[in-house]
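Student: Listed below are the residues making up each chain.
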Amino acid sequence: MQVERFMSGRRLLATLFAVCAFGGVAAVHAAETGTATPIVADQALEDEVQELSHKLRCLVCQNQSIAESHAPLAVDLRNQVREQLAAGKSKNEVIDYLVERYGDFVLYEPPFKTTTLLLWGGPAALLLGGASWLAFRLRRRAAEAAVQDQLSTAERARARALLAGDAPATADKPSAEEPRS
Amino acid sequence: MKAKFLVPLFLFLLLIGFLGFGLTLNPREVPSPLIDKPAPDFSLARLDQPEQRFGLEQMRGQVWLLNVWASWCVACRQEHPVLVKLARSGVVPIVGLNYKEVRGDGEIDARGMALETETAQAIERARDWLTRHGNPYQLSVMDIDGRVGIDFGVYGVPETFLIDQQGRIRYKQIGPVTAENLEQVLMPKIKELQRAG
Numbered sequence: 006m007q008v009e010r011f012m013s014g015r016r017l018l019a020t021l022f023a024v025c026a027f028g029g030v031a032a033v034h035a036a037e038t039g040t041a042t043p044i045v046a047d048q049a050l051e052d053e054v055q056e057l058s059h060k061l062r063c064l065v066c067q068n069q070s071i072a073e074s075h076a077p078l079a080v081d082l083r084n085q086v087r088e089q090l091a092a093g094k095s096k097n098e099v100i101d102y103l104v105e106r107y108g109d110f111v112l113y114e115p116p117f118k119t120t121t122l123l124l125w126g127g128p129a130a131l132l133l134g135g136a137s138w139l140a141f142r143l144r145r146r147a148a149e150a151a152v153q154d155q156l157s158t159a160e161r162a163r164a165r166a167l168l169a170g171d172a173p174a175t176a177d178k179p180s181a182e183e184p185r186s
Numbered sequence: 017m018k019a020k021f022l023v024p025l026f027l028f029l030l031l032i033g034f035l036g037f038g039l040t041l042n043p044r045e046v047p048s049p050l051i052d053k054p055a056p057d058f059s060l061a062r063l064d065q066p067e068q069r070f071g072l073e074q075m076r077g078q079v080w081l082l083n084v085w086a087s088w089c090v091a092c093r094q095e096h097p098v099l100v101k102l103a104r105s106g107v108v109p110i111v112g113l114n115y116k117e118v119r120g121d122g123e124i125d126a127r128g129m130a131l132e133t134e135t136a137q138a139i140e141r142a143r144d145w146l147t148r149h150g151n152p153y154q155l156s157v158m159d160i161d162g163r164v165g166i167d168f169g170v171y172g173v174p175e176t177f178l179i180d181q182q183g184r185i186r187y188k189q190i191g192p193v194t195a196e197n198l199e200q201v202l203m204p205k206i207k208e209l210q211r212a213g
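For the protein sequence lines, the chains are A and B, in the order given.
Here the first sequence stands for residues 6 to 186, where the numbers follow my numbering.
Here the second sequence stands for residues 17 to 213, where the numbers follow my numbering.
Hints are computed from structural coordinates only; laboratory data are not their basis.
The structure presented is a predicted model; accordingly, all values stated were derived computationally and were not measured.
Backbone N, C-alpha and C define an ideal beta-carbon position, used for all residues, glycine too.
Any given hint could turn out to be false.
[To be verified] Simulated coverage check for chain A against chain B, where a stretch passes if three residues somewhere in it have a Cβ under 8 angstroms from a Cβ of chain B:
#1 60-68
#2 114-124
[Stated by the list, open to error] When the alpha-carbon atoms are kept at most 27 angstroms apart in a straight line, the in silico BS3-like pairs for lysine-lysine are as follows:
#3 B:Lys53 <-> B:Lys205
#4 A:Lys118 <-> A:Lys60
#5 B:Lys207 <-> B:Lys18
#6 B:Lys18 <-> B:Lys101
#7 A:Lys60 <-> A:Lys94
#8 A:Lys96 <-> A:Lys60
#9 A:Lys94 <-> A:Lys118
#10 B:Lys101 <-> B:Lys188
#11 A:Lys118 <-> B:Lys53
#12 B:Lys207 <-> B:Lys101
#13 B:Lys207 <-> B:Lys188
#14 A:Lys60 <-> B:Lys53
#15 A:Lys118 <-> B:Lys101
#16 B:Lys53 <-> A:Lys96
#17 B:Lys53 <-> A:Lys94
#18 B:Lys188 <-> B:Lys205
#19 A:Lys60 <-> B:Lys188
#20 B:Lys188 <-> B:Lys53
[To be verified] Some chain A residues judged to face chain B by a derived CB distance under 10 angstroms, without partners named:
#21 Glu73
#22 Pro77
#23 Gln85
#24 Phe110
#25 Val111
#26 Leu132
#27 Leu133
#28 Glu149
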């Protein structure tokens, strides 16, 4: 019973898969024969518009790109991008066009220049500074530890006595309890 | 070395200082890269005489304000009395850029609307609004599709540009002009430019 049910389950899956695959093929076929109208006339252009729009900030809702935003200005700017790309302008020309009007703020990735030096170089400088400070501290601590590690002759003698088993009377009685670990 | 424990406190106060300063900034005010650059040229139909066109060269030699407005813009109604009063004083001519009068109105679906229909509607609405609230403008031009707005880097209405005798943008007011910032910021700049010219 169990095995049979398992088999039928598998068969069902296989059928579903076949239907999906066939359905997909049928849809592609329909598109090829022109029965289904494509959403955009020029998919390559649309891909470029999308790619570029994702790099441009919407000035109305500032945490969205103009590709994501439904603000009227974002729609206008998207249309501008599309229009200009369709007219044969390069991506950089379109970006320059928008930066000229709205400033670097429209770019999600700020350009590297003197005013953005701290922005781009800051994290690296902090990391470098932190790492060298850490290295300096570690080295100094190691040097201090090396000095402290050297025992005086009296300490050495007492340690030897302890290891030999005849502890001096002044020493504390060692704890009888086993360390719980 | 005794005051070493004060270092984190100092860093903390520095951070607080930066954050506090950040609170005083308005992220909605994006500085325009067009300041001190020649204003983008345009040629648009006038609201009062749509068969006539208006361009920058007609204001050459004057210090003037270009005010971006629309009848659907709520903040425009707020600044409007200030502009009317300013126009009445005759200190500086104000030109209105009527921005996306029809398609900018969120309550109207202008997709698929013929341009002629849209223009006719825009004229009617804009004129009606000026009749109702007063007309501070020497003239207004119609930016039906908002293209000139994009050239000026407009991203919200109202915005006001101060343009000098040579047609350069000298200042941009983002958001409504209030009586205070007219007196404290715009007026001194206007006076200074007028003296220089």
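Student: If a hint holds in the structure, say so; if it doesn't, say that too.
Tutor: A quick look at each hint next to the structure:
| no. | hint | in the structure |
| --- | --- | --- |
| 1 | 60-68 | holds (count 3) |
| 2 | 114-124 | violated (count 0) |
| 3 | B:Lys53 <-> B:Lys205 | holds (16 angstroms) |
| 4 | A:Lys118 <-> A:Lys60 | holds (18 angstroms) |
| 5 | B:Lys207 <-> B:Lys18 | violated (57 angstroms) |
| 6 | B:Lys18 <-> B:Lys101 | violated (64 angstroms) |
| 7 | A:Lys60 <-> A:Lys94 | holds (17 angstroms) |
| 8 | A:Lys96 <-> A:Lys60 | holds (11 angstroms) |
| 9 | A:Lys94 <-> A:Lys118 | holds (25 angstroms) |
| 10 | B:Lys101 <-> B:Lys188 | holds (20 angstroms) |
| 11 | A:Lys118 <-> B:Lys53 | holds (20 angstroms) |
| 12 | B:Lys207 <-> B:Lys101 | holds (17 angstroms) |
| 13 | B:Lys207 <-> B:Lys188 | holds (16 angstroms) |
| 14 | A:Lys60 <-> B:Lys53 | holds (26 angstroms) |
| 15 | A:Lys118 <-> B:Lys101 | violated (44 angstroms) |
| 16 | B:Lys53 <-> A:Lys96 | holds (24 angstroms) |
| 17 | B:Lys53 <-> A:Lys94 | holds (24 angstroms) |
| 18 | B:Lys188 <-> B:Lys205 | holds (11 angstroms) |
| 19 | A:Lys60 <-> B:Lys188 | holds (26 angstroms) |
| 20 | B:Lys188 <-> B:Lys53 | holds (12 angstroms) |
| 21 | Glu73 | violated (16 angstroms) |
| 22 | Pro77 | holds (6 angstroms) |
| 23 | Gln85 | holds (6 angstroms) |
| 24 | Phe110 | holds (5 angstroms) |
| 25 | Val111 | holds (9 angstroms) |
| 26 | Leu132 | violated (17 angstroms) |
| 27 | Leu133 | violated (18 angstroms) |
| 28 | Glu149 | violated (15 angstroms) |
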